[in-house]
Structure formats: structure tokens, C-alpha cells
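Full structure from sequences and hints, please.
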Amino acid sequence: MVEVHLWSGLRSLTGGQQVVEVEAKTTGDLLRELVRTHPQLEGPIEAGVSIAIDGRVIATGLTEPIPEGSEVYLMQRLRGG
Amino acid sequence: MDYHSPASFAEASALAANATGVTRFLAGGTDVLVQLRSELVTPDTLIDIKKIDGVSDITRNADGSWTLGVAATGAEMSEHAELSRDWPGVVEAMDLIGSTQVQGRATLTGNLCNGSPAADSVPAMVAAGVTVSVTGPDGTREVAVEDIPTGPGKTSLSKGEVISAVNIPARGNNAGDAYLRFIPRTEMDIAVVGVGVSLRLDGDTVTEARVSLGAVAPTVLLVEDCAKAIIGSTLDDAALDALAAAASAACNPIDDKRGTIEFRTEVAGVLAKRAAKIAYARAKGEKA
Amino acid sequence: MALDDRKTDFTFVGTRPNRPDGLDKVTGRAKFGADMSAPGMLHGAILRSPHAHARIVKIDTSKAEALKDVKAVVTRADFADVPFKPGLAGEFWNVLENVMAGEKALYDGHAVAAVAATSALAARDALKLIEVEYEVLPHVTDVDKAMAPDAPVIREGAADYSVPEGMHPNVVRYHESGHGDVDAGFAEADLVLEDSFVTEATHQGYIEPHACLGLLGNDGKGELWCTTQGHWIAQKTCAALLGIETSQLRVTASEIGGGFGGKTTVFIEPVALALSRKANRPVKLVMTRSEVFRATGPTASASMDIKIGMKKDGTITAARGEFRLQGGAFPGAPGDMTAMCAFAAYNLTNVKQIGYDVMANRPKQAAYRAPGAPMGAFAVESVIDEMCNKLGLDPIEVRLKNAAHEGTKASYGPRYERIGLVETLEAAKAHPHYSAPLKPGQGRGVSCGFWFNHGGETSVTLALSEDGSAQLMVGTPDIGGSRASMALMAAEVLGIPYENIRVTVADTATLGYNDVSHGSRVTYASGLATIKAARHAVEKLCERAAAKWDIPVEAVKWENGCAVPSGPNAGDFDPMPLADITAKMGRTGGPISGHFEATPEGAGVSFGTHIVDAEVDPETGKTTITRYTVIQDAGKAIHPTYVEGQFQGGAAQGIGWALNEEYIYGEDGRLQNSIFLDYRIPVASDLPMIDTVIVEVPNPGHPFGVRGVGETGIVPPLAAIANAVSNAAGVRMKQLPMSPPRILAALKDNG
Amino acid sequence: MSKLHVTTTVNGDEVDFLCDPRETLLDCLRDKLNLTGAKEGCGTGDCGACSVTVDGRLVCSCLMLGAEAEGKTIETVEGIADGDVLHPLQQKFIEHAALQCGICTPGILVAAKSLLEKNPNPTEEETRYWLAGNLCRCTGYDKIIRAVMETAEELREAS
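First to last, the protein sequences are chains A, B, C and D. My numbering runs 387 ahead of the 1-based position in the first sequence. My numbering runs 1 ahead of the 1-based position in the second sequence. My numbering runs 173 ahead of the 1-based position in the third sequence. My numbering runs 79 ahead of the 1-based position in the fourth sequence.
Treat the hints with caution; some may be incorrect.
Taking CB as the label site, the calculated pair distances span [unchecked claim]:
hint	chain 1	residue 1	chain 2	residue 2	range
1	C	E304	D	L83	30 to 36 Å
2	C	N562	B	G154	44 to 50 Å
3	D	R225	A	E410	37 to 43 Å
4	A	R398	C	P342	55 to 61 Å
It should be emphasised that the hints constitute simulated quantities derived from the structure, not laboratory data. Every value quoted in this text rests on a predicted model; they were computed, and no experiment measured them. Cβ coordinates follow ideal geometry from the N, Cα and C atoms, glycine included.
Take a look at the structure:
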């Protein structure tokens with residue numbers, strides 16, 4: 388299981404939870420499982436999110452592995468100028 | 002748009018008198034082309050006066066006065082050492098307009114006829130007592146610079162009239178002029194406030210003075226109260242404060258993208274003091 | 174990436190050779206957006222709304238169409254006629270709506286119709302004959318007013334899932350994040366300071382207006398030449414808006430005359446293509462400067478509330494920020510980015526940040542260098558500076574005390590990898606600038622700044638020639654010398670001279686998808702792909718050598734441009750230079766190329782610290798920047814001169830934003846200052862030399878350690894200058910720009 | 080609307096073109112003579128990207144009509160190099176990375192050349208004010224100013 392830390396603005400979509408647990412080996416798994424277990428997260432995930440794994444920000448990739456025990460944060464999709 | 006390049010002012014005047022629609026004279030073109038390009042003013046008739054003989058000449062007359070051709074550019078004025086020595090304020094005011102590139106084209110006459118209350122050279126010319134020769138269907142008359150603009154974008158010139166020369170008086174002794182403007186950057190801006198000062202001394206005492214303000218009213222102002230505030234003084238602090246107060250009191254500015262009423266009113270006083278000090282130092286032959 | 178894969182000793186990287194396109198750029202022969210023409214070409218022009226908000230009742234183009242010089246007129250109807258791919262929605266829909274107004278004109282300058290004619294003058298003249306009937310609607314341009322209950326609604330239903338109930342429909346996105354308990358943190362503080370800040374919208378101000386040349390036939394095949402930061406996004410967007418297949422539109426990026434984020438989307442390109450399709454001739458469209466200001470992306474304006482608690486020793490106990498960003502008549506203002514970046518420089522136990530994306534009757538905001546971050550840094554770093562003043566603490570010491578470092582839980586959530594903030598602060602403290610005496614009337618300010626940086630889709634091909642030279646094709650337009658950086662990295666891997674590498678920005682038909690030149694990603698991502706493409710070519714070179722020597726490829730390694738046996742056991746062969754291998758490559762297996770494509774994830778965040786001295790004229794409120802020093806972590810500077818250039822450029826834009834640049838709207842909602850004369854960007858005489866210090870804390874996510882440098886440099890200046898000005902003037906400046914009237918008014922209010 | 084026939088000298092070549100009276104010299108250089116080195120950044124004389132010299136005088140070609148070019152001698156960025164030998168300013172701009180995007184570069188080179196012809200020994204302040212009408216948004220001007228001043232120094236040493 389991966390503990391996923393959400394940004395606090397998402398708590399209203401997860402019944403107040405800011406940390407949710409899902410089964411995932413990759414970033415793609417993680418997003419799919421998040422939507423499956425918390426359907427209301429589909430909105431923000433569709434709008435675009437990035438995932439930080441042990442501090443490394445994965446901007447868009449769905450195939451990045453998530454090592455056992457890593458610290459995982461969901462973040463708003465990053466943009467640049 | 003029809004483009005003409007007449008060979009004389011009489012011809013230019015006749016072209017303008019007989020033209021229909023919007024007529025513009027083209028000297029340096031640094032305002033006319035901007036207006037044309039942005040479609041603010043698309044003249045039906047454009048009369049280029051630069052092919053007229055002598056329009057670029059800068060001439061010192063026997064009595065010490067100066068006659069400038071209407072197409073003499075800011076760059077040519079700045080490069081003229083004698084003119085710069087006589088009338089540093091007028092030359093510097095002209096030099097403040099736009100970039101080096103604009104200086105290569107812009108003229109005193111164009112700056113005046115554009116009718117902007119923020120035109121840099123105009124307060125300096127008004128302070129200096131400059132007049133212009135106006136050629137029209139009925140011949141040529143001489144008009145004080147302060148009588149040319151009548152409001153933003155408007156002049157007292159009537160149909161068929163064209164400015165044919167700029168006349169700067171003889172500088173005389175113990176006299177100096179200066180022009181300062183406020184802009185937020187160091188270059189390339191339109192004046193938020195402009196102040197021209199010309200004065201003459203007897204010893205340390207100011208005996209003659211003309212002070213004019215730009216960008217604080219619909220037209221450039223010649224402010225008598227400012228002159229009174231320093232005439233008879235040695236430009237001591239009390240006189241300077243009185244000058245600043247008179248300058249601020251004369252302001253009737255607007256709030257716009259370039260500055261607020263409060264700012265313009267306040268800074269008019271500040272610049273009046275600073276410009277007066279420079280003119281005073283110049284009159285005493287000090288470097289300023 | 175494994176550390177042993179990382180390179181630390183370099184031959185080419187870190188040197189400062191002449192850029193490959195230098196000659197083109199100094200002789201006037203480089204072709205920018207407006208420099209291209211085509212046989213039979215028409216010139217386009219666009220009619221724009223004079224109203225901030227108006228319903229378009231009717232457009233009559235018949236008089237314009239009747240002119241013999243006019244070959245096509247288009248309005249939104251010409252786009253809607255197109256059988257769109259199903260589901261033109263989301264950002265594509267927003268872009269279409271921005272490119273050509275639909276039912277309503279949403280801002281002053283919004284395009285409503287366009288003409289193609291035989292000359293530019295004829296096109297402009299024809300616009301005057303198009304009659305548009307408007308029903309003028311109430312408008313709003315200020316962010317706080319746009320959120321007020323009585324504000325006119327820009328568009329119903331634009332808000333997404335994130336907006337809490339009860340907010341005005343103009344609030345379209347909401348972000349909240351942080352950790353800890355801020356109230357508890359404030360209770361622990363010796364000093365709690367709360368204040369509000371405002372910044373105006375500014376424009377990227379690139380000197381080259383948008384320009385393009387489009388050709389589209391009714392067979393759905395087209396060509397587009399345009400000035401853009403990303404021609405694949407232009408391709409994808411134009412194809413969607415015109416209802417053609419993406420691959421049928423070939424887009425070539427011209428040389429680009431500045432972008433800074435503003436050329437990451439399309440404005441005139443779909444219009445040129447629509448006109449071309451209708452006229453069946455190539456159409457060139459070039460914006461005027463006024464169009465650029467009125468209708469292309471400025472950055473967002475912002476209104477912000479900050480509260481920070483601090484102990485007497487400078488320890489920050491809690492921080493809270495609320496950031497309201499106005500991004501024009503469409504969703505997109507980066508309130509979330511502002512919030513996430515605002516406190517990112519600090520190691521905070523208790524932090525909370527809220528960001529709003531608010532619509533108003535202004536042009537659609539576009540990215541501008543670290544979009545969203547500078548405003549937040551202005552507010553936060555101003556409060557920290559004020560607290561340092563109140564507590565008598567040194568501003569760099571306080572920042573060092575609270576600085577984020579490797580392992581710190583970032584204000585936006587995760588823990589940092591190796592970062593270089595502390596190194597920039599230490600370098601600032603040690604810099605002679607920081608201890609130089611100030612003259613009366615001068616003040617000094619410092620600020621930190623943070624930006625995420627970006628990777629993005631990247632595809633690079635490197636092909637070797639028989640003579641041993643290399644051609645490198647990248648897909649990221651070169652805005653500031655990136656060809657030089659790419660050639661240096663390729664030279665480093667191949668071991669051939671820098672001059673032997675020709676770098677080309679490939680068109681969309683010759684390379685796979687590449688994300689835009691944005692997010693400080695070019696040297697990072699295209700650089701990473703260049704290194705890997707070169708390594709790919711090296712593998713093949715080693716294979717050819719192995720075959721020739723008849724030893725296993727594992728027994729061959731690449732050194733100084735030659736294949737060599739990997740060790741004494743591999744055999745005794747003379748080094749085989751690259752050119753010897755490529756000379757025979759046609760007969761030893763065929764041409765040799767290297768290729769790499771990926772979406773690299775590991776851009777590495779970046780920090781900078783700026784020091785600035787300012788002098789304020791107390792009688793006029795005019796500010797002069799007397800000294801400026803930029804210190805920033807570049808990870809690894811590939812071409813240090815161009816890294817310095819990025820630092821200096823960011824600082825200069827920041828100086829403009831801080832002091833004089835702003836969008837000024839009249840009561841009528843029209844932009845008042847749409848020319849350079851009145852939109853006052855810094856001129857040469859406004860600025861001092863800008864000193865730079867390149868800190869190098871390698872990014873673990875790049876083979877050579879590169880972190881992007883393009884954006885972070887604009888984050889600290891607003892606050893650093895505000896702090897310098899406030900310290901010089903003796904009054905805290907809370908609104909940007911700090912124009913002379915504002916400073917003078919503040920001085921008066923302060924007595 | 081009748082067109083005007085204009086004969087002029089550009090970079091030493093006698094050329095002629097037909098133009099609408101409303102067309103600027105910049106329009107004519109770019110669209111009639113295919114000299115696209117001068118750029119239109121603003122059309123109002125505020126950015127200097129269109130800088131050329133006319134009879135030796137530095138001007139914005141967007142602030143001059145094509146019709147006014149009759150009989151004049153015009154120099155543009157395309158005429159700065161001497162054959163295949165770059166002008167020292169051009170060389171120095173490349174060496175100093177005094178350009179990033181390069182859109183302002185042609186105008187700045189024309190303006191800087193004009194400065195050094197008039198004043199071979201400019202101070203930093205003089206250089207900055209002379210170039211104040213040439214906007215650059217990329218560099219912060221630092222490397223541009225250094226390149227101009229170093230070129231001036233080298234030219235002085237060489238003469």
C-alpha cells in the first residue's frame with residue numbers, strides 16, 4: 388500500500404481525509420486507484436496533477452515506479468513560462 | 002493620402018489652403034507618423050516641408066538672436082556648440098524628447114504644433130521668449146510660442162498657415178535658462194511635469210525671469226506669479242519656497258496614466274526650484 | 174539516475190564558445206516571424222473589440238468583402254462551420270474563444286473578425302468597413318471587485334470542482350494546501366505580522382510581436398511558419414481549432430524574438446490559417462504592438478494577504494497566505510502556483526496557503542517566467558523583511574535560520590531532494606555587495622525566490638556525417654542561446670569539437686512531439702535528450718569499432734572522441750576516431766544516428782537570492798536602482814555566459830515590474846497604455862550593471878547536474894526591490910508598481 | 080491611390096521602388112527591398128528595432144515615410160559587415176553573448192555603430208543614454224553595454 392498525501396483543498400472530496408492509501412506500483416496505477424477508491428478525485432486528476440515521490444516531482448508521467456515505503460504527494464499540475 | 006514636397010513656404014501654404022479634409026505638415030514626422038500608423042490621424046494631404054531651402058539651418062543673427070529652420074532637428078541643435086552655450090535650457094529640452102533616433106528627426110516646430118501640453122521643448126521656448134514666424138495666404142506674421150497651442154492637440158494656426166521659422170531672442174549678459182521634466186524612467190517618457198526657467202541677474206539679484214510649466218494644464222503655462230516670486234531675490238530659500246508655491250498653485254492638471262493631480266502639483270514646485278537653481282548658476286557663469 | 178552515471182569533469186561543458194547562430198543574428202539575416210514571405214501571399218488584419226464586455230449582436234462584413242483587394246473575411250462563424258473533431262472543449266475551447274470572440278467580446282482588444290487582402294494597408298483599410306453591432310455589458314477588471322457579490326459574471330459555469338460553494342462565478346479555481354497548525358504556530362510567536370499586498374498585471378514585453386505565415390488548403394493540408402515557444406503545441410491547437418488532422422499541418426518555428434512564456438499558445442495562427450483556407454492563398458499576419466498589449470497574455474494581477482509569526486530569534490513559527498489572482502476572461506490565473514511557491518523557501522512547521530483563480534474583463538493571461546511565483550514572493554518576503562526590521566535581525570541570517578534544505582518538508586507537501594538555497598544565501602552573505610556601505614537616501618533589500626522547473630515531452634535526434642561532424646535536431650525553439658548549450662553537451666559526449674556540431678530546431682514534420690520552450694526546461698530536458706541521443710550514437714560507434722576489431726562490444730569504450738579497448742584484456746588496438754568510423758559507416762552497417770525521446774521527470778527545483786540597492790528621491794518619489802546582484806543555483810552551468818544572461822534578464826524584467834510596468838485600465842475598461850511609450854519597460858539608462866554569482870548544486874535528475882535557470886531569476890526581484898525601496902524611503906511599499914506617484918503619496922501619508 | 084516612385088541608395092546600392100504615401104521607410108525596406116534585418120517592434124519609435132541611418136543620421140525607419148527616402152543614403156544592419164569581415168561590434172556581440180533572442184540586435188548594432196562614429200570614447204552613462212531608445216527585453220543590457228564599450232576600446236587601440 389502507498390500512503391498518498393493530498394493537498395488540503397482535496398479533503399472535501401475524500402470525506403475529510405488528507406492521507407489516503409491505495410495499492411500502486413507506478414504513478415499510473417496510483418491515479419487509477421485513487422479515482423477508483425475516491426471517485427470524486429476524478430475532477431482534480433483529470434484537470435491535471437503531478438506526483439512527488441520522495442521529493443522528486445513527476446510532472447506528468449504515468450509509468451514512474453513507486454518504491455515500497457516512499458513518501459508520495461499529489462500536487463497540482465505544474466506549469467511554466 | 003496625398004504626399005507633397007513643396008519648394009517654398011508660399012507653395013506649402015497654398016497647398017494647405019486649397020486642400021480638403023485633414024491636412025498635416027511633415028517636418029520630423031515623429032508625431033505625424035505615429036498618429037498615421039495608429040490610425041489616430043490619417044491626413045488626406047501631407048505636406049513635407051523638408052525640401053524647402055534653408056529649413057535645416059541654424060543661424061545666429063547680427064544682434065545675437067537666433068533663427069532656426071523648421072526642420073532643424075534636436076540632434077543638430079545639440080551639436081551646435083554656440084546655440085547650446087546661449088540657450089542650454091532650450092537645447093536640453095529639445096534633447097529630452099525621445100531617443101537618439103527620434104532626435105535625428107524631431108523638431109521644435111513639430112513639438113509645438115503637435116499641441117501637447119506635455120511637449121518638452123515648449124515650456125523651455127516659452128521661458129526663453131521664443132517666437133515663430135507663421136506664413137499664410139496673407140503673408141508672414143510673428144507669434145509668441147505661448148500663443149500657438151490652444152488646447153491638447155489644437156493650435157491657433159488657421160487653414161493655410163504654416164510655421165516657417167523659429168526665432169530665439171539674443172541671450173544677452175548675466176542670463177541663463179534651464180528646463181527640467183519629471184519622468185518615471187530616465188528616458189523615453191512623456192513629461193509628467195515640465196518646468197522651464199529663464200532669468201537674468203544683476204550681481205546676485207534676479208532682475209528678469211520667465212517661468213513656464215508643462216503637463217499641468219491643457220496648454221503650457223507662462224506663470225507670472227512664479228517670476229514675481231524670484232524677481233528681486235537672490236534665489237534664497239524663501240524665494241525658492243515662494244516659487245514652488247506659485248508653481249504648484251498655477252497647476253490645473255488631470256489624473257491620467259502618467260500621473261496624479263496631487264503628484265503633478267507637488268512635483269511642479271520641486272522642479273521649479275531645481276530648474277531655477279540651474280538657470281541661476283548658469284547666469285552666474287557657473288557650470289550647471 | 175544512479176550517481177555513477179553522472180559526470181563531473183568536463184571538457185566542453187562550462188566553457189563559453191560563440192553561439193552557432195551568432196553570425197545570422199548580428200547580420201540581420203536570421204529569419205524571425207515577420208521575415209518570411211511566400212508567392213501570392215496576402216496580408217491579414219484583425220478587427221478588435223473596443224469594449225471590455227459586450228454582446229456581439231451582429232457583424233456585417235459585406236462592405237469589406239466587396240473591396241477588390243479583399244480576398245477573405247472570417248468571423249467566429251467561419252470556425253464554427255468547420256466540422257470540429259468531437260469534444261472541442263476545455264483549453265482548446267478557451268483558446269478558440271480567445272482567438273476569435275463568439276457570442277461576447279470579453280475584453281478590450283478581443284478579436285471579432287479578420288480580413289486578408291493584397292496588402293497590409295488594404296487589409297487595415299478593409300477593417301474599417303466591417304460593421305459590428307455591440308450591446309455593451311457591465312465589466313470588471315479588478316481582481317477583488319471581480320470576486321465581489323455584485324460583480325458582472327464573465328461566464329457562468331466556468332468554475333471547476335475545486336471552488337467551494339457560495340463563491341462568485343468569476344472564481345473558477347481554488348487551491349488550498351499546507352501542513353501543521355497555523356493558529357498554534359501564531360500563538361507561539363513573539364511577533365505576528367499581517368499585511369495585504371497588490372501587484373498589477375505586467376506583459377512579457379518581448380520585442381517581437383506575434384507573426385505568422387499560414388497556408389491551408391481545402392484538402393486539410395497546411396503549412397505554418399510562426400514565432401512560437403513551441404511549434405508542436407501550435408500544431409496541435411491550430412489543427413483542433415480548424416478541424417484538421419494534426420499531422421497534416423506542418424509547423425516551422427521561426428527565430429523567436431523573445432517569449433518569456435507569452436508565446437506558449439496561439440493567437441493569430443489559427444486566424445491566418447482560416448483566412449488562407451478561405452482565400453486559397455498564403456496569408457501573413459503580424460500583430461501591431463498595441464495588439465500585443467491588448468490581446469496577448471499579460472501575467473495575472475494579484476491581491477494577497479499574508480500573516481507570519483516569528484520568534485525573537487527569527488524562527489518562523491507559522492505562515493499563512495491568501496493569493497487572489499486575476500487572469501483575464503478565461504480560467505488559468507496561476508493562483509495555485511503562487512500559493513505553492515510563496516513559502517517554498519522556508520522550513521515551516523505550520524503553513525497554510527490558499528490560491529484563487531479569478532476571471533475579469535481582461536485579456537487571457539499567459540505564462541510569464543515562473544508564472545505566479547513573483548507575486549507571492551513579493552508579499553511574503555516583504556513581510557519577512559518588515560519583521561526583521563521590527564526585531565532588529567539581519568535579513569539574510571533570518572532567511573538562513575529558516576531556509577529549506579535537503580529533507581525539509583516543502584510548504585507544498587513533499588520533502589526536498591538536494592537543493593541549493595542555503596548555498597545562495599551563504600554566497601549572498603559573503604558577497605561584497607552585502608557589506609558595502611550605503612549612501613544617505615539609499616536602502617538595501619534582499620529576497621529569496623523559488624521555482625519548480627519542468628521536464629516535458631522531448632525528442633532529439635543526432636545524425637553523424639561521413640566527415641565526422643554531427644547534426645543535432647532539437648524541437649525546442651532557441652530563445653536565448655540554447656543551440657550553444659546543446660552543441661556543448663553533444664560535444665562533451667561525442668568528444669568532437671563544438672564547432673563540428675550543427676544544431677537545428679526541427680519542424681513538426683521531422684521530429685516527434687516536443688513540449689514548449691518553457692518551464693526552464695530546454696537546457697534540462699532537451700539537454701538530457703541530447704546527451705542520451707549522443708550516447709545512443711556512441712553505442713553504435715562502439716559497435717562498429719568492436720566489429721572491426723572483432724571483439725565484443727562490451728570490450729569497447731568511448732574516450733575523447735575515439736573508440737578504445739575498455740581495458741588491457743580487450744586487446745591492443747589504436748584508438749579509432751569518430752571520423753574514421755563514420756567515413757566507412759555506409760559500408761559497415763549504414764548511417765549512424767542517435768535518438769532519444771522521453772518525458773524526463775527530474776527537473777529539479779531551483780532557488781535564488783537577490784541583493785539590491787535603491788535610492789529614492791524624497792521630493793519626487795523616483796527610484797534609482799544603484800546596484801544589483803543575482804545569486805542563483807544553476808545545478809551545472811553548461812554555457813555560463815548564457816546562464817548569466819538569464820539571471821540578468823530576469824532581474825531586469827523584475828525591476829520593470831517592481832517600479833513602472835503595469836496594465837492601466839480606464840473606467841471604461843479599456844487599456845490606457847498599449848504602446849511602449851506608456852508601458853514603461855526598463856531602458857538601458859535605467860539600469861546598473863547586474864552582477865551574477867552562479868551557484869552549482871547539481872540536480873540529481875540530470876546527467877550533468879543541470880537545473881533550469883530561465884525563470885527563477887524573476888521571482889526575487891519584486892520583493893528585493895520593494896524591501897530596498899521601503900528601507901530607503903522609510904515606509905513600507907505594498908503595491909506594485911512602486912511608481913513615483915505611489916511612493917510620493919506613501920511618503921506624504923507617512924508624514 | 081497613386082503610388083510614388085522613389086530612388087534611393089541602400090548600403091551603397093542604388094535602388095528604386097514604388098510605395099503608397101502611407102508606407103514607412105521600414106515597410107519599404109522590408110517588403111519592397113527584402114531587407115528584413117530592420118524589425119518592427121512597435122511602429123511608434125519607442126523600441127529602436129528598426130534603426131537605420133539616413134545620410135549618416137541615426138533614425139527609426141518606422142518614423143519616416145518611404146517617400147522621404149528619395150535621394151537619400153541609407154545604411155541598414157545588412158550593410159555593417161565589410162564583405163565577409165564582420166564589423167568589430169558584430170564580432171564582439173557574438174563573443175560577449177550580448178544577445179539572447181536577437182530581435183533587438185540589428186537595431187542596437189546600427190545605433191552602437193553610430194555612437195562610436197560620433198564618440199569613439201563613450202562613458203558607460205553616455206552609452207546607456209545613447210542606446211536608451213533601443214529596447215532589449217532579454218539581457219538587462221549588461222552584456223550589450225560591455226560589448227559596445229570594449230569594442231570602442233579596441234577600436235581606439237587599433238587606430
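Going down the list of hints, with the structure as the test:
1. C:E304 <-> D:L83: 30 to 36 Å: holds, 32 Å
2. C:N562 <-> B:G154: 44 to 50 Å: holds, 49 Å
3. D:R225 <-> A:E410: 37 to 43 Å: This hint is violated: roughly 59 Å between Cβ atoms.
4. A:R398 <-> C:P342: 55 to 61 Å: Violated, since R398 (chain A) and P342 (chain C) (Cβ atoms, about 23 Å apart) do not stay within the stated range.
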